[in-house]
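Given chain A's structure and the hints, the job is docking chain B onto it.
Each chain is listed here by its residues.
Number of protein chains: 2
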Amino acid sequence: MIHGHGSDAYRYKENIVADFSSNVWYPGPPKELIDHLGEALQYIGSYPEPDSGRLQNALARFHHVPRDKVLVTNGSAEAIYLLARVLRKRASVILSPTFAEYEDASETENHKVRHIFRKDLFTETRTPHSLFWICNPNNPDGRAISPEDIKKLLIHNPSSVFIIDEAYGALCSEDFSSVHLLEKHDNLIILKSHTKAFTIPGIRLGYVLGPPKIIFQLRERLFPWNVNTLAISAGLYICHHHKRLAPDKDAIYREMKAFRKELRQNTSIGLRPTRTNYLLGELDGYTAGQLKDYLVKQHGILIRDASNFFGLNNRFVRLALQSPEHNRLLADAIGQFERAL
Amino acid sequence: MIHGHGSDAYRYKENIVADFSSNVWYPGPPKELIDHLGEALQYIGSYPEPDSGRLQNALARFHHVPRDKVLVTNGSAEAIYLLARVLRKRASVILSPTFAEYEDASETENHKVRHIFRKDLFTETRTPHSLFWICNPNNPDGRAISPEDIKKLLIHNPSSVFIIDEAYGALCSEDFSSVHLLEKHDNLIILKSHTKAFTIPGIRLGYVLGPPKIIFQLRERLFPWNVNTLAISAGLYICHHHKRLAPDKDAIYREMKAFRKELRQNTSIGLRPTRTNYLLGELDGYTAGQLKDYLVKQHGILIRDASNFFGLNNRFVRLALQSPEHNRLLADAIGQFERAL
Numbered sequence: 001m002i003h004g005h006g007s008d009a010y011r012y013k014e015n016i017v018a019d020f021s022s023n024v025w026y027p028g029p030p031k032e033l034i035d036h037l038g039e040a041l042q043y044i045g046s047y048p049e050p051d052s053g054r055l056q057n058a059l060a061r062f063h064h065v066p067r068d069k070v071l072v073t074n075g076s077a078e079a080i081y082l083l084a085r086v087l088r089k090r091a092s093v094i095l096s097p098t099f100a101e102y103e104d105a106s107e108t109e110n111h112k113v114r115h116i117f118r119k120d121l122f123t124e125t126r127t128p129h130s131l132f133w134i135c136n137p138n139n140p141d142g143r144a145i146s147p148e149d150i151k152k153l154l155i156h157n158p159s160s161v162f163i164i165d166e167a168y169g170a171l172c173s174e175d176f177s178s179v180h181l182l183e184k185h186d187n188l189i190i191l192k193s194h195t196k197a198f199t200i201p202g203i204r205l206g207y208v209l210g211p212p213k214i215i216f217q218l219r220e221r222l223f224p225w226n227v228n229t230l231a232i233s234a235g236l237y238i239c240h241h242h243k244r245l246a247p248d249k250d251a252i253y254r255e256m257k258a259f260r261k262e263l264r265q266n267t268s269i270g271l272r273p274t275r276t277n278y279l280l281g282e283l284d285g286y287t288a289g290q291l292k293d294y295l296v297k298q299h300g301i302l303i304r305d306a307s308n309f310f311g312l313n314n315r316f317v318r319l320a321l322q323s324p325e326h327n328r329l330l331a332d333a334i335g336q337f338e339r340a341l
Numbered sequence: 001m002i003h004g005h006g007s008d009a010y011r012y013k014e015n016i017v018a019d020f021s022s023n024v025w026y027p028g029p030p031k032e033l034i035d036h037l038g039e040a041l042q043y044i045g046s047y048p049e050p051d052s053g054r055l056q057n058a059l060a061r062f063h064h065v066p067r068d069k070v071l072v073t074n075g076s077a078e079a080i081y082l083l084a085r086v087l088r089k090r091a092s093v094i095l096s097p098t099f100a101e102y103e104d105a106s107e108t109e110n111h112k113v114r115h116i117f118r119k120d121l122f123t124e125t126r127t128p129h130s131l132f133w134i135c136n137p138n139n140p141d142g143r144a145i146s147p148e149d150i151k152k153l154l155i156h157n158p159s160s161v162f163i164i165d166e167a168y169g170a171l172c173s174e175d176f177s178s179v180h181l182l183e184k185h186d187n188l189i190i191l192k193s194h195t196k197a198f199t200i201p202g203i204r205l206g207y208v209l210g211p212p213k214i215i216f217q218l219r220e221r222l223f224p225w226n227v228n229t230l231a232i233s234a235g236l237y238i239c240h241h242h243k244r245l246a247p248d249k250d251a252i253y254r255e256m257k258a259f260r261k262e263l264r265q266n267t268s269i270g271l272r273p274t275r276t277n278y279l280l281g282e283l284d285g286y287t288a289g290q291l292k293d294y295l296v297k298q299h300g301i302l303i304r305d306a307s308n309f310f311g312l313n314n315r316f317v318r319l320a321l322q323s324p325e326h327n328r329l330l331a332d333a334i335g336q337f338e339r340a341l
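First to last, the protein sequences are chains A and B. Under the working numbering, read the first sequence as residues 1 to 341, first letter to last. Under the working numbering, read the second sequence as residues 1 to 341, first letter to last.
So that you can see chain A by itself, here it is in the shape it has in the complex:
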């Protein structure tokens, strides 16, 4: 899907004051990371390592996995499309509503695609030889599945492969990562990204952790120099300074609580539970398109119309936490909109 994602400010002529449409962590990239990349600009006159080898090694050490279980990609998007290609003989089963690229990538490779919903997760995963796409925590609703439940899925469906996208892992209130399951389960693939937690969507950096056999197949399809020098440099810097730079989970939890309170007090939006820095809201009496249009034109506020997520409709919006000040601005603006209805 080229268009229809959040962060689509480029489509509007209005000056955007606050952007709730993108799930990235709002404080922006760490200042010291920007400074580091400024220094790294001196290296753009040389080719990056064709296979991002040094970063691959650093990530293997960081996650305590062997290096043949790691593949660095040009954002998670490249990983998703590559996986759909390499595993194209399987039927895709997508835990929905979720990130549209799983379906798009699967369809590009002519998979048979089926959507299942959270309530059917343990009954509907019985189809053998399938490829399951699970975003954990999930986009757009911030719900998460525990690693114990992931483990059950892996064990009960040994002929199927599970792709668990942990792009939001570092923004989740609890550590729900399944990385430790890689040691014993060769039907598990984990997608990782620094985009959301370190607010570097412009850099394009993702990686795959998975069984060596699949990593090898992915690598065979990859072209050289797929990740640029600055992305590699950002990845290495984050690996080495992860503890200091990672978002404060307590702060996310606290700020989300305050944000929900603002929204409850000022608007009629039905708020779904979430474990991350964004939430799904259900509108009553008006559409996401109407609200989005009003907010961007009257207040320069961008939100994510979530109606194009499979399983949702035009009553859903996704809102990502911003600064307390902007959060109040949004709640007020929606309140004004609702009162004028």
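Hint data in this document are derived by calculation from the structure and do not stem from the laboratory. Be careful, since some hints might not be right.
To be verified - Computed Cβ-Cβ distance ranges for the label pairs, DEER-style:
#: 1; chain 1: A; residue 1: Lys-184; chain 2: B; residue 2: Gly-38; range: 43 to 51 Å
#: 2; chain 1: A; residue 1: Glu-183; chain 2: B; residue 2: Thr-127; range: 47 to 55 Å
#: 3; chain 1: B; residue 1: Gly-38; chain 2: A; residue 2: Arg-67; range: 31 to 39 Å
#: 4; chain 1: B; residue 1: Gln-42; chain 2: A; residue 2: Leu-271; range: 51 to 59 Å
#: 5; chain 1: B; residue 1: Glu-14; chain 2: A; residue 2: Lys-13; range: 39 to 47 Å
As the list claims (entries may be wrong) - Computed list of lysine-lysine pairs in PhoX-like fashion (alpha-carbon distance at most 25 Å, straight line):
#: 6; chain 1: B; residue 1: Lys-292; chain 2: B; residue 2: Lys-249
#: 7; chain 1: A; residue 1: Lys-213; chain 2: A; residue 2: Lys-249
#: 8; chain 1: A; residue 1: Lys-112; chain 2: B; residue 2: Lys-89
#: 9; chain 1: A; residue 1: Lys-89; chain 2: B; residue 2: Lys-152
#: 10; chain 1: B; residue 1: Lys-152; chain 2: B; residue 2: Lys-213
#: 11; chain 1: B; residue 1: Lys-31; chain 2: A; residue 2: Lys-31
#: 12; chain 1: A; residue 1: Lys-89; chain 2: A; residue 2: Lys-213
#: 13; chain 1: A; residue 1: Lys-89; chain 2: B; residue 2: Lys-112
#: 14; chain 1: B; residue 1: Lys-243; chain 2: B; residue 2: Lys-31
#: 15; chain 1: B; residue 1: Lys-151; chain 2: B; residue 2: Lys-213
#: 16; chain 1: B; residue 1: Lys-112; chain 2: B; residue 2: Lys-213
#: 17; chain 1: B; residue 1: Lys-292; chain 2: B; residue 2: Lys-257
Here the structure is a predicted model, which means the values were calculated and not measured. Even for Gly, the Cβ is constructed at its ideal location relative to N, Cα and C.
Okay, now just chain B, sitting in the frame of chain A:
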């Protein structure tokens, strides 16, 4: 091919004083471009446009072609692999020796691959429904084919598609570009890159110019955000300041003449004619591997062992123009090596 290219300094522990192994233009990226990218770092907190739309428009205007004839890619390498995928039902014919990625991409997609040589260009292109890969000017030898000859090929082989890689076009002593042929020929695809002329291999930016039908097919296979914010920013900047930033072709010609003189005076290397900033050298009495090894270990000089180009053997090296001082250093070092044989 992940390994086996030039610019492989990362494989050596020696400090590299001069790098003749990469074909990029030696003065390095323009200072003002680096400064511009330093400013652009403030935007990495937002997603790039998913389809590089603004850059696509700018390139269309720059080349005077409609925008549906332009696709921006993550370096030329992504374009090469995408083309091989989309045109996978054709047999690939590669004008050799040349850049290894045409063959690798074709083999990844199970094309039947055939190599032809320059002397057979007009007789061997008679196979219908083929996909011809031509690097113009060519890597590794810097030879070029005139647009008049390209036009003949297009007309005489209407059922075949010709991919002309003009990555070195801006470094060629004459303007041999075939872009103007796009208007009347829908079996022509041109690959472009800013990597070589503006010395930004670390940035990963390439693009394809071609018939809308093929551009559309390529776009359908592409994942969103394939080009990062800084690459898009560099591309826009180069489009807008191309005249001022492009390499001085007279300087390249003059410096190459001096470089050849140094090599002739100090070494026994047989020098092939070239129209670009690099040349192919044929060794007599020793191998490329021996010379490369000596130069890196004794002088910290990196050269390209060209023996892995199809059609060449272990007697060939590729040398890219560096500063006059470094050029002398290389000629002297090779002279020393030859005298000690």
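Verification of the hints:
1. Lys-184(A) <-> Gly-38(B): 43 to 51 Å: Because 46 Å falls inside the window, the suggested range holds.
2. Glu-183(A) <-> Thr-127(B): 47 to 55 Å: holds, 52 Å
3. Gly-38(B) <-> Arg-67(A): 31 to 39 Å: holds, 33 Å
4. Gln-42(B) <-> Leu-271(A): 51 to 59 Å: violated, 33 Å
5. Glu-14(B) <-> Lys-13(A): 39 to 47 Å: Taking Cβ atoms as reference, Glu-14(B) and Lys-13(A) lie about 55 Å apart, which means the hint is violated.
6. Lys-292(B) <-> Lys-249(B): violated, 29 Å
7. Lys-213(A) <-> Lys-249(A): Distance ~35 Å between Lys-213(A) and Lys-249(A) Cα, so the pair is violated.
8. Lys-112(A) <-> Lys-89(B): holds, 23 Å
9. Lys-89(A) <-> Lys-152(B): This hinted pair is violated, its Cα atoms lying about 43 Å apart.
10. Lys-152(B) <-> Lys-213(B): holds, 22 Å
11. Lys-31(B) <-> Lys-31(A): holds, 23 Å
12. Lys-89(A) <-> Lys-213(A): holds, 16 Å
13. Lys-89(A) <-> Lys-112(B): Distance of about 23 Å is within 25 Å: holds.
14. Lys-243(B) <-> Lys-31(B): holds, 15 Å
15. Lys-151(B) <-> Lys-213(B): holds, 20 Å
16. Lys-112(B) <-> Lys-213(B): holds, 23 Å
17. Lys-292(B) <-> Lys-257(B): The hint holds at about 23 Å.
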